[in-house]
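Chemist: Following the hints, put chain S in place on chain R, whose structure we already have.
Heads up: the protein sequence lines correspond to chains R and S, in order. Take the first sequence: its position 143, counted from the start at 1, is 143 in our numbering, and no numbers get skipped. Take the second sequence: its position 356, counted from the start at 1, is 356 in our numbering, and no numbers get skipped.
Treat the hints as calculated values from the structure; they're not laboratory data. Hints may be right or wrong, so weigh each one.
Since the list gives no way to pick out one identical chain from another, each pair is judged satisfied if it fits inside one copy or across any two copies.
As the list claims (entries may be wrong) - DSS-like cross-link-like pairs, simulated, lysine-lysine; straight-line CA separation at most 27 Å: (1) K165 / K186; (2) K288 / K278; (3) K65 / K214.
There are 2 protein chains.
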Amino acid sequence: MGLRESLRREKLMKVMDDENLDGYLVVDPVNVSYLTGFQGEDSFLWIGDVGACLLSDTRFEEQIKEECPDIGAAIRCSGQTTLGLLRGAMADSAFSSKAPNRIGIEGASTTVALLNALRGMFPSAEFVARNSDVERLRSIKDETEISEIRQAIDITIRAYRVLRKTATNDMTEVDLRDELEYRMRKEGGDDVSFPSIVAFDARAALPHAIPQRKGQLGDSNMVLIDWGAKRNGYVGDLTRAFLTEKGESLASREYRARFESIFKIVLEAHDKAIEMIKPGASCREIDKVARDVIREAGYGDYYGHGLGHGIGRVVHDYGGFSPSAQGVVEENMIITVEPGIYLPGWGGIRIEDDVLATPDGCEIMSSNLRVDE
Amino acid sequence: MGLRESLRREKLMKVMDDENLDGYLVVDPVNVSYLTGFQGEDSFLWIGDVGACLLSDTRFEEQIKEECPDIGAAIRCSGQTTLGLLRGAMADSAFSSKAPNRIGIEGASTTVALLNALRGMFPSAEFVARNSDVERLRSIKDETEISEIRQAIDITIRAYRVLRKTATNDMTEVDLRDELEYRMRKEGGDDVSFPSIVAFDARAALPHAIPQRKGQLGDSNMVLIDWGAKRNGYVGDLTRAFLTEKGESLASREYRARFESIFKIVLEAHDKAIEMIKPGASCREIDKVARDVIREAGYGDYYGHGLGHGIGRVVHDYGGFSPSAQGVVEENMIITVEPGIYLPGWGGIRIEDDVLATPDGCEIMSSNLRVDE
Numbered sequence: 001m002g003l004r005e006s007l008r009r010e011k012l013m014k015v016m017d018d019e020n021l022d023g024y025l026v027v028d029p030v031n032v033s034y035l036t037g038f039q040g041e042d043s044f045l046w047i048g049d050v051g052a053c054l055l056s057d058t059r060f061e062e063q064i065k066e067e068c069p070d071i072g073a074a075i076r077c078s079g080q081t082t083l084g085l086l087r088g089a090m091a092d093s094a095f096s097s098k099a100p101n102r103i104g105i106e107g108a109s110t111t112v113a114l115l116n117a118l119r120g121m122f123p124s125a126e127f128v129a130r131n132s133d134v135e136r137l138r139s140i141k142d143e144t145e146i147s148e149i150r151q152a153i154d155i156t157i158r159a160y161r162v163l164r165k166t167a168t169n170d171m172t173e174v175d176l177r178d179e180l181e182y183r184m185r186k187e188g189g190d191d192v193s194f195p196s197i198v199a200f201d202a203r204a205a206l207p208h209a210i211p212q213r214k215g216q217l218g219d220s221n222m223v224l225i226d227w228g229a230k231r232n233g234y235v236g237d238l239t240r241a242f243l244t245e246k247g248e249s250l251a252s253r254e255y256r257a258r259f260e261s262i263f264k265i266v267l268e269a270h271d272k273a274i275e276m277i278k279p280g281a282s283c284r285e286i287d288k289v290a291r292d293v294i295r296e297a298g299y300g301d302y303y304g305h306g307l308g309h310g311i312g313r314v315v316h317d318y319g320g321f322s323p324s325a326q327g328v329v330e331e332n333m334i335i336t337v338e339p340g341i342y343l344p345g346w347g348g349i350r351i352e353d354d355v356l357a358t359p360d361g362c363e364i365m366s367s368n369l370r371v372d373e
Numbered sequence: 001m002g003l004r005e006s007l008r009r010e011k012l013m014k015v016m017d018d019e020n021l022d023g024y025l026v027v028d029p030v031n032v033s034y035l036t037g038f039q040g041e042d043s044f045l046w047i048g049d050v051g052a053c054l055l056s057d058t059r060f061e062e063q064i065k066e067e068c069p070d071i072g073a074a075i076r077c078s079g080q081t082t083l084g085l086l087r088g089a090m091a092d093s094a095f096s097s098k099a100p101n102r103i104g105i106e107g108a109s110t111t112v113a114l115l116n117a118l119r120g121m122f123p124s125a126e127f128v129a130r131n132s133d134v135e136r137l138r139s140i141k142d143e144t145e146i147s148e149i150r151q152a153i154d155i156t157i158r159a160y161r162v163l164r165k166t167a168t169n170d171m172t173e174v175d176l177r178d179e180l181e182y183r184m185r186k187e188g189g190d191d192v193s194f195p196s197i198v199a200f201d202a203r204a205a206l207p208h209a210i211p212q213r214k215g216q217l218g219d220s221n222m223v224l225i226d227w228g229a230k231r232n233g234y235v236g237d238l239t240r241a242f243l244t245e246k247g248e249s250l251a252s253r254e255y256r257a258r259f260e261s262i263f264k265i266v267l268e269a270h271d272k273a274i275e276m277i278k279p280g281a282s283c284r285e286i287d288k289v290a291r292d293v294i295r296e297a298g299y300g301d302y303y304g305h306g307l308g309h310g311i312g313r314v315v316h317d318y319g320g321f322s323p324s325a326q327g328v329v330e331e332n333m334i335i336t337v338e339p340g341i342y343l344p345g346w347g348g349i350r351i352e353d354d355v356l357a358t359p360d361g362c363e364i365m366s367s368n369l370r371v372d373e
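This is chain R alone, in the form it adopts within the complex (with noise of 0.2 Å):
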């Protein structure tokens, strides 16, 4: 217990040693659970230059002791802060060697008001705003995460098939929602990664549609769904479209010829861009081939988001292909590949699987959950 965690925190102390940092205040609660195997909220990590002290307050007392009980605690009692608390880690030999001058904080994340609050405490340290430090050690997963990870993939799967089952006529775009994020909670899910997406016909033409009460699935030509689950605190995130009954129907066949004529353009931008993963490969490139088939096929002016983003501990993690990515894929990165196309007033499709990089290409971790199921 704790091993994994006190690797990633001796990466970050790496990171501090060459920055010139000699303490280092984590405050993003996903930061500061992966750094230190705590699930609670509402605390803080003290890095100093010689160990590292979770200030919390006494709610979560015993979640530390059971969840973390090799790193140093610092906890809060009724009347104290967290500050307070920090002026003792910052003190404290078992932590610093020195009074720490030169401290790094995630710009992200800390808000202005806390940094007021830090430097009226300690006028003669130097904040330094960091950018990404942590969210960039996540970025790379260890085995266990990556098991972590297709749990929670296959959960997303099996919900989506479960729905796909039982899903009737009658059911608005909110009742599939409801049922599908029942259903990932049944399937041993703890929680969804994010709002799903369920959007019928012209609704699918926006990429960040909302679910609505008015509409039935057996009036709709087609419907899109962007989900998943999130299970021991990492997440799945899977999107597919297809045609209903009716948009299969002799009477849509107009519709029906429209949708898999843009559904096998999306799916060689899909497919060309994943054959392109691997190690080195330049995450900028990447998106760009997936684009160029879009492009290429007359529908640019109608694919306006990034081709895919990281995954993790949260569903939009560091990193990721898109026309402004800076970097290149390294092993054990994950990340979504989810080009589309978006008709206003007609549909759209986008078609989203999650990746894993290997050490000589890539691995779909949702092959499982074919692109047209």
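Modeler: Leaving out everything else, chain S in the frame of chain R:
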């Protein structure tokens, strides 16, 4: 459409006037929504000295036209940044009569990274970290908001009643949670207000227990449930604790006697606090009345949280009753009252209702659900 939001923006502009701010950048999505009617995400609101402009992107273009057609909007295309839009809005005489140089930002929502970017882009402007300006406005509800919260509470109660009728002895905490959350959706909720707490026996002694898959209802003496539905952007938040079939049985008569004696104390704390709630009453005094009941009964060490918090668009909204609370009750505030006693190894009892301050007292909005139901 938009009249309520426009009144709210006027109130914020009054604050700006009082504080000599000639601009305000609102980034908290709940506040953006409160001030505009826009329900999407990733969008900022710029308020100049003469008008307001929503800064968003193409995903939300249609939604903005539907939800807040009366407000200025700047839509970011691919390649543009939100700060680029902000620069345009600040220079636009429709929003600002002159170049703004003292700009309010939300201290608790603006990140250090964003502030640094703002300072880089607008080096001559002063950014003033403000504390809860919009939250304070939000704490006083208008008629429509009260009606929305009433409906959210009704859904919260109906779902609980269905759960109580359908729960079976083989269910775990997780099973009960999943059914309850499903029922809130089925009764008309859009979502849950927060992850529901369902805790058996000793688990109920942890005020923030996460439901487990081990242990069954039939083997437990008591259950504590803390839950709430969200509807149309507003939340309910209730807690009930009750004896199970086993807890009511002869074999458990000692457990039952203790449960009933503690329940009585918590209920007295709950009732005495509610009796005091009216405009002008001190929020700290109201907390103290409940705390004194529990302390005098000898359980002061087993009640470690504040008496209640504001509810509205989020479940932990501005204001509330606690030993450090500032200020007084104002008409049309809605605050929870939720004293509790938590005995490690045994169980915990909390009774939580949602209370509306009326002109000469208060109304328990959740009175339709008996405290022992």
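Chemist: Each of the hints needs a verdict: does it hold here or not?
Modeler: We went through each hint and held it up to the structure:
Taking CA atoms no more than 27 Å apart as the test, K165 paired with K186 passes in both settings, with 15 Å inside one copy and 20 Å between copies. Taking the closest pair of Cα atoms, K288 and K278 come within 27 Å of each other only inside a single copy of the chain (15 Å); across copies the shortest separation is 62 Å, beyond that limit. For the homomeric pair K65 and K214, the shortest alpha-carbon distance between copies (20 Å) is at most 27 Å, but the shortest distance inside one copy (49 Å) is not.
When held up to the earlier numbered hints, the structure conflicts with none and fits them all.
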